Each structure stands twice: as structure tokens, then as C-alpha cells.
Amino acid sequence: MKPIEAINDFVVKFANVNGSGSASANELFARSILRMGVPVSPRNIFPSNIQGLPTWYEVRVNERGYQGRRGGVDLMVAMNPQTWDKDVKEIEAGGYLFYDNSKALPKSKFRDDVNLIGMPLTEICNATYNDPRQRQLFKNIIYVGALSALLDIDAGEIERLFSEQYKGKEALLQSNIKALRLGREYATEHFSCPIGIRVQRANAVGNRIFVDGNSAAGLGALYGGATVCAWYPITPSSSLAEAFSRHCQKYRVDPATGKQRYAIIQAEDELASIGMAIGAGWNGARAFTATSGPGISLMQEFIGLAYFAEIPVVLIDVQRGGPSTGMPTRTQQSDLLSCAYASHGDTKHVMLFPEDPTECFELTAQALDLADRLQTPVFVMTDLDIGMNTRLCDPFQWDDTRAYDRGKVMSYDELEAGKEFGRYLDVDGDGIPYRTLPGTHPERGAYFTRGTSKDRYARYSETGPDYIDNMQRLARKFETAKSLVPKPLLTPAAKPARFGAIYYGSTSPAMQEALDVLSERGIHVNALRVRGFPFPDEIADFVATHPWVFVIEQNRDAQLKTLLVNEARVNPARLIPILHYDGTPITARFIVDQISQHAGARTVVPIRKAVS
Amino acid sequence: MTYLAKPKLHHPTLAKNQIGYTRRDYEGAISTLCAGCGHDSISAAIVQACWELDIEPHRVAKLSGIGCSSKTPTYFLGNSHGFNSVHGRMPSVVTGANLANRELIYLGVSGDGDSASIGIGQFAHCMRRGVNMLYIVENNGVYGLTKGQFSATADKGSKSKRGVTNTDEPVDMIGLALMLGATFVARSFSGDKKQLVPLIRAAIEHRGAAFIDVISPCVAFNNHPGSTKSYEFVRQHNEAVNRLDFIEGRSEITADYAPGEIVEVTQHDGSVLRLRKLAPDYDPTNRVKVMNYLQERAAEGEVVTGLLYIKPDSADLHQYLNTVDTPLNQLAERDLCPGSVMLERINAALR
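Protein chains in written order, with our numbering: chain A, 133 to 744; chain B, 344 to 694.
So here's chain B without its partners, still in its complex pose (with noise of 0.2 Å):
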């Protein structure tokens, strides 16, 4: 809960950035989420790229819908401004936040169940307009705050918790994506820190839509065999996560792998992510040739993680738009009101 304070005191020795601030400014309220939740990790990484890029806090916005993801705004940048809008939203408040003051960083983070059901027609059009954000989808395919209900990420065939067959095809938020225009397009895993934060930090920092799907375990609801976010499939066993209502605590979830590679990630609790490391001589900035491989690697059950696609000369909806410089939000009358003056040459041509 928001009103946990985290204590203020800071070490002496915690290393400033260039415009000296520590790690500990870009915090937020401690998590009320699981212990072990990869949502929280994502959270810190998000801290560390801030805090690397020598950021402003106070110069972030971070905008989120409803769910398990959308609650950990709260949990880093307490300096920013934080706005948890309404389910599957987010992406048309970020884009009306986005209009009003173009000079601040915008970062919209969501779930797979905001953003790929109830939000997917928010999520395409925010895509297609290239509203200049950082769009992280918290991606574990299933509902947590609502108690493991499948989520529209959720793969075909894969098991509930309670033993339910999901009938329905998973929606492929990059494909979606890419297809949609959005001109930064990632997937990382939110145990591996050391693809996540340079990933955060090149998506911030890209002018445009920019999309960062973050494979992110849900160690309460979605941690058995079948699905691509549990990769128990791959270790074909452990039944022993799949307890109803039991959560155990659990130490966050690293990886550390060399390009090139297939990596299985064995998790604290026994689970396996079986990630895919890009190839030397992919092209991110081949979109036809992007899509097509993920689709193949898809086929074979692999889940490509990286900078997946990224279009060097992208453009914003600002741009687009042709708005003035100056944030709209501080135009004031002589800006905007054409003055009586004016009125009555109007009126004049009205008679």
C-alpha cells in the first residue's frame, strides 16, 4: 500500500548519477505485490534505466489501466507524477497527457490482460498514431488481482491452474504491434536486469510508439506446464508450484545469457524459461523479415526476446500533428484567443 513508507535515509556511499541523484530517488512505495512477482523486478529495472539515463524524476509520467501491473506505478518514480486510469485505457490518457506537454517522458505500463483484451483496441490506435511513449506490457498471461482466470495471452491448449483447457488462439502483442506501426518494438523477460534496463532505456529515449513486452512470471496463478509464461512445458513436470491460494516467498528471478543462445532459465521454484537469444546478424530494422522469423521461431515453441524491430528515423504524433514547440499546456490567451477584435470580423461575415 501507498501509505508504506519506505524509510528516507540514504547510505553515504550509494552512487550519485550526473545529476546527483541516487537509485533510492527514483523509488516508489514498497510493493503490495506477491513476493517473487516478476512485475517488481521489471519495477527495478525500470529504477536503474531512470537513474542511468539521469532522468528527472519529476519529468516522468506514468500512466496505467487496471490490474496486477497497473498497481506498480506506484512502486517506482514517487517523485513523478502517477495516474492509475481505468481498465484497458491507459493508452488514450497517455495520448491526451502526451498532447497537453510534449517536453515529458511518458510511460505507460500495463498487463496482458489491460492491454491484449478489454484495452487491445486502445493499445492498436495508440500504436497507429505513434503517440511518443514507452508502452510496457507486463505480459504472464493470466488475471492475478482476479485469482488466475486466463488471459487473452494465454496460449492454446494451455492449463488453468484449476485444470481448465484455454480453447482460444493467444494474442501476439509484438506481432500486433509490429503490424500496427508502433517503430520500437522488444520482448525481454523480466528476471533477465541486463537485457531489461539497456531495453527500457533505448525504448525511452526512441521518438515514437515504442513497445516493450516483458514476459513476466506470476508466480501465484501461472507457474505450471502449457504456457509459453510458465515454461513448464518445456520441463515437462512440477505440479508442485500449482497451489491454489498458497504463495510462498520466493527470491527474484535473474538470467544471464550470451547472444546467439537458446537458454533454458531455471527459476528459484524449478520452472524453466527457455529464452532466445537474437542471432549476430539479425535486422531489427527489417520489419518484413522481423515478422517473419518470429512467427517461425513461434512455430517451434521459442520465445525471441531482444530489440526485436526499431525504425531509425521514426516520427511522433507531434510531428504528425505539426504542433508548436511549446507544451499546449502552457499557451496562455494571447496564444490561443483570436481576441474581439477578430470576433467581430467574424460576426461580419455571419450576416
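Bound conformation, chain A alone (with noise of 0.2 Å):
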């Protein structure tokens, strides 16, 4: 058995137990590699529950920045005797189990084709501890400084960030230096360092930043102009809300009054929450509201009011596994068809996908700026593995020339001018009428809002005709926001394609290698990232001028191509779902093995070629 040997391009998974304080030793250790000039994508695989059950930290290295989720684990570190077994499996063939040889295994407990790194971390911990917290929380430390002995990662860089978290906090800062020595001179001294997988300092992380999808999302609401969020807890979106609330602390408090710029309401269900949201937004403020699938099911009937009455609403969801309760800490792309055409009754909303946390940034604040143009809810579409795992991405921009778009409100003196008010009075022909906000002029412009139908002038309205006219302006409307949501993105194969590959959100990561890969084995596929719902008209033109075009999700019902063949009108016969729907975040492996497959399937050899 040969031992694996990769610099700078392996996977190092950790099985720990919830609530043990591994989290942030395993962020450390990801941090550290960064530190090095080196990317890194961590993922947390963690269960719905706090404290004892098992969760695994997954950290790919990578110099060339591929983040998607690679599958396989070079190098486990094993600590979780309730999950060893498991764990031990999935190493591939000439990886290494690093593990606490403080109690003896029987030797059925291992493998023959991995390498065994034992270490006995209890026994250290017990010699040097008394207190148990103690043992446990340096327990982590102690590892982290043995794996960095094994795979050659600077100490130093993991102390530079000790004294950045310990800044001002000595003690601290001095008992966690101590552990992570303790942990490298002791493998240092029983282990031949390194091992076959190493880190080598490297200059591919550039100016990114490493940050998780949910808090920049949260900064995008900052950004963009939010001043009501109302929001219920709900694995995984909680850190979204909690995000923003975080960031208006430190950027939305006036300076002389010590008085917030904002209002963070943590309701009482999703109800309330899109209730406040819509409130807030009927009344002139920039409102969100974050949530995950079952948050979206609860809040239909008040998604429905605001797409007819016309108010401006962001919501953010979170998705997860569904249905039900589904997977709550699992990922999905599962929640496309309920927000698409969310509530009862003719209805259908606008979307977008986020890539990463650099786009939950953007499009969460495009996202405000379109609520308020279209006045109606807009989704943001992220998901758990973006949302919750802290990624290398693009840094955040912002143009300080950048206005809000508040849309059309018409103000006390257009109204005192005389200037005509119908509030679904489509006067520029784009479907998107005036409103005034509550307050504006003591005699004009005041309506009533209502879910019920009505004529152009906000009157109550149940004729046929008045219906209809309105529900046109709407679909007008909708055709309107196909111009505004962003822009599909192509990445062109290198060489003539006739596949083609369209793919959103999570999934892109993974896509990104794999069209590489599939380059290096001489399957060409042109790919178009989707952005925004309604579908701009190129993607129906992409998909025209391909045979057949891969539609990759993470679901299992191929939710994105029902939409592409509802709303794009597509011939669905070109369209070949990819789907992987397990829960854990979608794979270059998986995406190559399935295209190989169907472009094999698909591609005519020419006879010629065939014998020769």
C-alpha cells in the first residue's frame, strides 16, 4: 500500500462530538492553511441537536481553488468513537487515520491501507489538566498542533491567530499556545513529520475573503438599505438574521444619541415575521425577512397579499432538505417551485442565486433595490452550504455613488401639483404603477390596500374586466422584471460544444471543476450559470443552440428545469436532469461521472475513428 502523497491538494475531515468545542480548533486549522497562501473550503456536517451527537468538520485544500466538495477524506481525525467505524470506511486507500490511542483498539477496529497516527491526546490531557472543561477544549488545541507538526503547517501563523482572537485576553492567549506545543513536539518527536500530504506555502488566495453566506448576507441587508428585519429561528437561516443584527450594531447606531437606524424584530413564527416584513414595507422601509422551506410554507397566504396588493418584500431563503421537516442541517435546492409560485391564485415571484457568499452580499442588496422597483416580494435563493460553511470568495465592493432605487412613490408634491394617481394605474407601461406612502398629503393619494381585486384606482372591484386588467398589468409586470434580475453568466467550453450545462447557486463550486475536468477528458460543454427568475431570454437562446443542455440541481425533482420549461418555454427534450439530492452539497465527481455517462451515450464515434 502505497501512502497518498499530495501537496497542497487533499481532504482532512474531522469527526468530533457536537458541542466539544472542536468547531473553532477545526476553523483554526482551515485558517491556518488560508494563512499560508493556500484556499481552503471547509464544510460543517453537523446534526439538529447541541450537544453529544456527532458532526464532522470536512476541509478540502486546494492550491488550484477548487471549493466545491471533492468526496473522499485523505487524512481523518478521528474523534468520535460513536461514529468510528463510519469513519475508518470512508479513508480513501493509502490515507491516514490520525486518532486517541489512549485506550487500546482491537485490530479489527482498523484498516489494513491506511496509515495509523496514534496519538494518546486523553492521557496528555489528563496529565497536564485538572479541570475537565479544560481537558476537553485544549483536547482540540493539542491536535491541531500534532496536525500541523504532520502536514507542515506554520505554527506561527496559528499563533498570529491566537493573538488576534486573544487579543488583550494574555492568559488565554498564553494556555492556548502551550496546548497546540504540547501537540506538535509530541508528534515532532513520535511521528516521522511530515507526512505524505502536506501544505506548502503558496500564493493562491490572493485578496479573497473567507466568510460564511449567511453573514454576508446580512451585510448586503445592511448595505442595501434594510431597516426592518423581522424573522423567526430556523435552522439554517437563524445566523442570517442574527448577522445583520450584529452588523446594524456596530454600523446603524447614530453617534450622538446612541439610537439605532434600524428595527429587529424576533417574532413570534414565520407569519408574523413576513406579516412585520410587509407591514414595514407597505409603510416605506426597507424590510427582509430570512427563513428556510417550512418558513416558506408558513408564510404563503401573506406572500400571495403582497404580490397582489404590490407591496416590496425580500425574503431570503435559507433552503434545506425538504419536505416537512426534511433534513433540517442538511443542503438543498428544494424550495424553487414553492417560492416561484408561492401562495394561492395566479402567482409568480421573482428569484435569485447567489453563488457564494460574495453574491449573497450583492444580490441581497440588488435584491432590496428590486423589491422596491417591482414592489413585490423578491426571493433570495440561498442555501445551507453557502448560508453556513465559510468560503474563499471575491471581496465585497460597494460604489459610494450607488443610490437606493426606491422605485416610483409618489411624493406630496407630484400629488399637490395635480399629478394623476391611480395606484394600479400602469402609466408607464411597463406594469409597474405608482403607490404613495401612508402619511404623504393630507388630501390626495391616499387608498386602500386590500388582497381582494380591484380596479386601477384601488377600488374594490369583483367585474370580470377590472380582474383581468389587472392580472395583465401583473404578467406586464413580471415580463418587466426579467430586464432587471441579473444576468446569466456563461462559462464558454475551449472548444466547439454541443453540450451544454445550466447550473445555479451551491452548485457552482463544484461545476466549476468539474468543466475542467470533463475539458481534460475531452468532453466540451458550454455552461450557463442562472441568476434571476424571470428567465432572461438568453437562456432559452442558449438552450436552442444546444443539442442537449445538462440542467444540474439539488433536488429530485428537477425543479429549475419544470421552471425553464414552464416560464422559458424550452423544448424540454434537450434538457438532461443532473440531480443530486442527498443532502450533502453536490460534487465534481458526481457531476463528471453523470455527464460522462449521458455524453457517452450521446456522442456518435465516427466509424471511421472507431477502427482505426
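Keep in mind the hints are simulated off the structure, nothing from the lab.
Derived EDC-like pairs: lysine to aspartate or glutamate, alpha-carbon spacing no greater than 16 Å straight-line: (1) B:LYS359 / B:GLU399; (2) A:LYS221 / A:ASP244; (3) A:LYS609 / A:ASP560; (4) A:LYS310 / A:GLU291; (5) A:LYS391 / B:ASP659; (6) A:LYS391 / B:ASP668; (7) A:LYS391 / B:ASP678; (8) A:LYS382 / B:ASP678; (9) A:LYS609 / A:ASP562; (10) A:LYS239 / A:ASP217; (11) A:LYS134 / A:ASP244; (12) B:LYS537 / B:GLU395.
Chain A is nowhere near these chain B residues, computed Cβ spacing over 12 Å in every case: (13) ARG366; (14) GLY518; (15) LYS632.
These stretches of chain A come out as covered by chain B in the derived footprint (C-beta under 8 Å, 3 or more residues): (16) 410 to 423; (17) 564 to 571.
Here the structure is a predicted model, which means the values were calculated and not measured.
Using N, Cα and C, we set each Cβ at its ideal position, and we do this for glycine too.
Given two chains presented individually in distinct reference frames, assemble the corresponding complex, making use of the accompanying hints.
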């Protein structure tokens, strides 16, 4: 058995028990590699639980910058006896198993084709610390120290991270450094360091930032001018509202008075959350809610009201595994249809699909503009994989000349000057009417907002022509949205390609890697990343120019494909769904396998070439 | 229907308030409720209270849920923005609206179906949070718009017009509001304008969550014996009004009584409203005593009306959140966006 040899291209997985303090130690490990200029993409794989259940932290180290989940494990840091068998099984042949050998394990518990690195972590901790909590917490730091020696990570980088984290807390800083060195010295003394997989200083990180999508979306809401946030705790979206709250406390407090330029309400449920956001949007504040699939289900009635009464509101859906309670801590892209057509009656909603934290920031800010411009709910469709994992991505950017697009709001002066106001009157032919905010003018511009049908002047009406007039205008408005949502982005193949691929959201990093691998294998695919719904015309054009188009998604029912057929009116015969929906993030390996199979079946090899 | 315009002609002798408006300027479209409906009297009381308070009509935002009561915002304050939201969810919409602009007056109108059944959760949390608003429940113990089903405030043992006995305990909205921290709690009767108008005025001027439970007889579906909303259990007779799907034109109900009395108000159709005026030594600022008193009187079958509880040093949600004085909907980029230099610092901290 040949041990795996790899520099700056491997996967380390930590198997831990949740609540044991491992999360911060593992993140420290990932950050130290990043500080050496080597890209990492960590992923939390965690249960819907607070303490005592298995949790994993998987770190892909890849100098080329591939950040999708790779699949397979080169080094397993097995700290959880509960999952030992499964964890050991997952290691690639020739891989490494780092474990606590304080207690001897029978030979049957190991594999012949895996390299063993046993370290008496518990023994060392018990000998060094008296306090049980310290024994537990520093065990994590000790293994990070040992790994730094085994993988040739610069310990100086870790110590620098400590000093940034524990600025002004000298005692904590010293005790962490002590634990780190304890582990490192033990490893240097007892193992042949480094092992076959190792980190080498590189310059592949650049000016990129390391952040999770929920924090980024919260920051996007801050920059985008959201002043009202109403939310209800639900995994995996809770950290988004909490991030917004944190950002606001830092950047939105009036320095003179100490008062807040924002209002955040943790509501009693998702119904109240969306109700508050709609109330605020109606009254002219930029408002949003953050939730996940079950919350979207609860909000349906209100979403229909906001659609029909034409009230700006932003919903950030951090998608998780459905249906029902589903897989609360696993990722999926399975809310597309329930968001696109949310609520009863004929409804259609605008959706944006960020691929990473950078786009969570950008598209959340843009969603607030779009909601005001279009006077309708706008969904930001992120997911657990983007939202709750720290990702290396482009730095956030903001143009200081950018003004918020507050849409068509009629002012006091316009009303006073006698400008005609019909709340649902299509003045400009784009389906978007003017609105007034409550309290604008003593005699003009007041109207009654309702979920019932009405005429152009907001007067209650159940007559057919009024109803149809209004519904057709709403359809026209949706057509306008097409030109306002972000355009799809094309990654052309290096050579002329007969295959196309459409993907979106968190599939992006795995897709970029898959395209490279496929190209190396001679399978050329033009790839289009969808970023907004309603679909801009480019998408239908793209499908029309390819005999076969793969639609890669993380759900069972090919929801984007359904929308493409329904809304972009593309020929369904051309679309080949590639579906990954076990709750783990999609991998390049999976995409490559699937596309290779389909491509093989659809590639006609000329006879001459076949016989030669 | 709202398309029925009222004549705009005002009688030249109509009294004007301090800011030059007549009562007509606070009216809305013609009511489409049944003639004699208690709700119309409440609308009139709102008009009167706003006129008396010299409120500019457009500075009020009127919001409601779904049901007969929730239709009424169309019938008053025609120059105010209105929002007829979804069933039982007016409280959350008001909460959001109020957060967006703290300078307007928020008037939430709801019914016993809207607030005691489907919306009881939102009602509760709105009171808890101390949203600065007047929350009126037009309480008739029955679902009018769907033709006579029991509401959650109907009394146990009371009979519907169809003869079905209600076996559920009634929801006590007043008791709930008190328990949940409303800082202004009142009960009134739609026919007693003299009592109701001052209560509405006081509630509008109150800072925090003000709740008024207004007993508002449903002339169409709940005017039969056994219900505190019809009071025929007091008179123990009058079957005549329990006619299905037949609504007679009736004049509005009015009542007039002195403090400290239990008054039986005979309605135009013969049903009786038994009201207890508050005793002169009643202390509406002692929440525990108020709650005890109300329970005792309720056990005696009496309906206590008036200003039941008020917290003089009340606060509201904006104070709790410590929001800026400028309405949030008037803040601009410079107030809200930290800009690119700060963003670069944020980026640097994420490397």
C-alpha cells in the first residue's frame, strides 16, 4: 500500500462530538492553511442537535482553488468513537487515520490500507490539566498542534491567529499557545513529520475573503438599506438575522444619540415575520425576513397578499433538505417551485440565485432595490451549503455613488401639483404603477390596500374586466422583471461544444471544477449559470443552440428544469436533468460521472475513427 | 362598496375643528354593513374622536384583518391610507408599519373571529411587544360574514340562531390583554357613544398598546337569548329577531347612563344590554385588582365597561428597541450605508 502523496491538494475530515468545542479548533486549522496562501473550503456536517451527537468538519485543501466538496477523505481525524467504523471506512486507500490511542483498540477496528497515526491525546490532557472542561477544550488545540507538524503547517501562522483572537486576553493566549506546542512537540518527537500529504506555502489566496454566506447576506441587507428585519429562528437561516443584528449594532447606531437606525424583531412565528416585513414595506421602509423551506410554507398566504397588493418585501430563503421538517441541517435547492409560485391563485415571484457569499452580499442588496422597483416580493435563494459554511470568495465591493432605487413613489409635491394618481394604473407601460406612502398628503393619494381584486384606482371590484386588466398588468410587470434580474453568466468551453449545462447557486464551485475535468477528458460543455428568475431571454437562446443541455440541480424533481420548460418555454426534449439530493453538497466527481455517462451515450463516434 | 361616493357637499354651518376640518372630512365611503350594525356606530365614534382630537386625517394609518369588522376602515377616514390585510394577521402588519414610521397614528380594527380565533397569537404578541397603536375589537360573538357560526368569544352554553349549543369556553379578550401587558385596556358598547368616543380619544393618545373591546351587537346573527353579545339571556324572551337571512332596517342603538349603575339598555328590537358602569372608587391602575374585579363581575354575568386599566408610565416598542426619532422610512443612504471604505475594512478583517 502506497501512502497518498499530495501537496496542497487533499481532504482532511474531523469527526467530533458536537458541543465539545471542536468547531473553533477545526476552523483554526483551516484558517492557518489559508494564511499560508493555500485555498481551503471547509464544510460543517452537523446534526439538528446541541450536544452529544456526531458532527464532522471537512476541509478541502486545494491550491487550484476548487472549493466544491471533493468527496473522499485523505486524512481522518477520528475523535468520535460513536462513528469510528463509518469514519475509518471513508478514508481513501493509502490515506491516514489520526486517532486517540489512549485506550487500545482491537486490530479489527483498523484497516490495512490506511496509515495509522495514534496519539494518546486523553492521556496527555489528563496529565496536563485538572479541570475536565480544560481537558476537553485543549484536547482540540493539542490535535491541531500535532496536525500542524504532520502536515507541515507553519505554527507561527496559528500563533498569529491566536494573538488576533485573544487580543488583550493574555492568559487565554498563553494557554492556547501552550496546548498547541504540546501537540506539535509530541508529533515531532513520535512521528515522521511531515507525512505524505502536506501544505506548502503558496500564493493562491490573493485578496479573497473568508466568510459564510449568512453573514454576507446580512451585510448585504445592511448596505442595501434594510431598516426592518423580522424573523423567526430556523436552521439554517438563523445566523443570517443574527449577523444583520451584529452588523447593525456596529454600523447603524447614531453616534450622537446612541439610538438605532434599524428595528429587528424576533417574531412569534414565520407568519408574523413576513407580516411585519410587509407592513414595513407598505409603509416605505426596506424590510426583509430570513427563513428556510418550512418558513416559506407558512408564509404562503402573506406572499400572495404582497404579490397582489404589490408591496415590496425581500425574503431570503436559506434552503435545507425538504419536504416537511426534512433534513434540517443538510443542504438542498428544493424550494424553487414553492417560491416561484408561492401562494394560491395565479402568482409568480422574482428569485435571485447567489453562488457564494460574495453574491449573497450583492444579490441581497440588489433584491432590496428590485423589491422597491417592482413592488413585489423578491426571493434570495441561498442554501445551507453557502449560508453556514465559510467560503473563500471575492472581496465585497460597494460603489459609493450608488443610490438606492426606491421605485415609483409619488411625493407630496407631485400630488400637490395635481399629478394623476391611480395606485394600480400602468402609467409607463411597464406594468409598474405608482404608490404613495401613508401620511404623504392631507387630501390626495390615500388609497386602500387590500388582497381583494380592485380596479386601477384601488377601488374594490369583482368585475371580470377589472380583474383581467389587473392580472394582465401583473403579468406585464413580471415581464419587466426579466430585464432587471441579473443576467445569466456563460462559461464557454475551450472548443466548440454540442453540450450545454445550466446550473445555479451552490452548485457553482463543483461545476467549475467538473468543467475543467470534463474538458481534460475531451468532453466540452458550454455552461450557463442562472442568476435570476424570471429567466432573461439569453437562457432560452442558450438552450436553443445546444442539442443537449444538462440541468444540474440539488433536488429530486428537477425544479429549475420544470421552471425552464414552464416559463422560458424551452424544448424539454433537449434538457437532461442531473440531480443530486442526498443532503450533502454536490461534488465535481458526481457531475463528471453523470455528464460523462450521458455524453458517452450521446456521442456518435465516426466509424472510421472507431476502427482505426 | 367603496365605489359608492358620498356627496362632497358640506353644509356651511358644519362645525370645524382647530385645524379647519369638519366631521365629514373624517368620514369614508358609505357602509355596506347591515342597517343597525353596531360596527357602524364604532366607525362614527372613530370619526368623532379623530375630529375632536384635531388629527390630520392622513396622519392615521388604519389596518384590519378579514371579516365584517375588518371591512369598516373603508367607512371612516377616507383620506387615510388603509390596509385590509389577511385574516387574523393585522397585528403583525401594524407592527411592521409602525416600525417603518413611528410618527403616524396606527389604528387596528378587528373582530372577535379575526382576533380571538385565527389571530389570537398575533393579538397576544402585539400586546406583549407594546406596539404603539389603538387595537379595537368589534366583538359580537359571531361570524357575520359567513353567516352565523360561533366565534371564540361566544359564551359556553349559548345557542346559535340555528339552535346549536356552544360547548367551548369563551376567550376573554380583556383578560388576555391585561395578562399580556397591554397598557390601556377598555371595554365599551357600540351604542354608548358618550362612553366610547372619550375612550377612543384616550386610547389614541396613549403611548403603547391600547386595547378596546367594543361589544357590538350583530343584528343579523347574534341577537338571541343566551349570549352576552345579545343580552337576551337577561330578558329571557324575544325570539322575534332570530330570523335567518332576514335583516330588518333598524335605527342605531344609543345608551346613556350615569357612573356606578348597572344599566339595562333596551335595544330598538327589544333585546337588552346589561352594562355595569365602573364604581367611583375603582382604581384602573392596579392591574391585579382590576383582573380580580373583572373575574368577579363576569362570574355574576355582568359586563363591565369603561376604562378598565391604564398604565400611566407606559412605554412602546420603539422605546424598547431604542430606535432613532426620525422614522426609519425617511433614512437615506448616508444614514444607512457604511460605504466602501468601511467595507474594505470589513474585507480586511475577513482575510
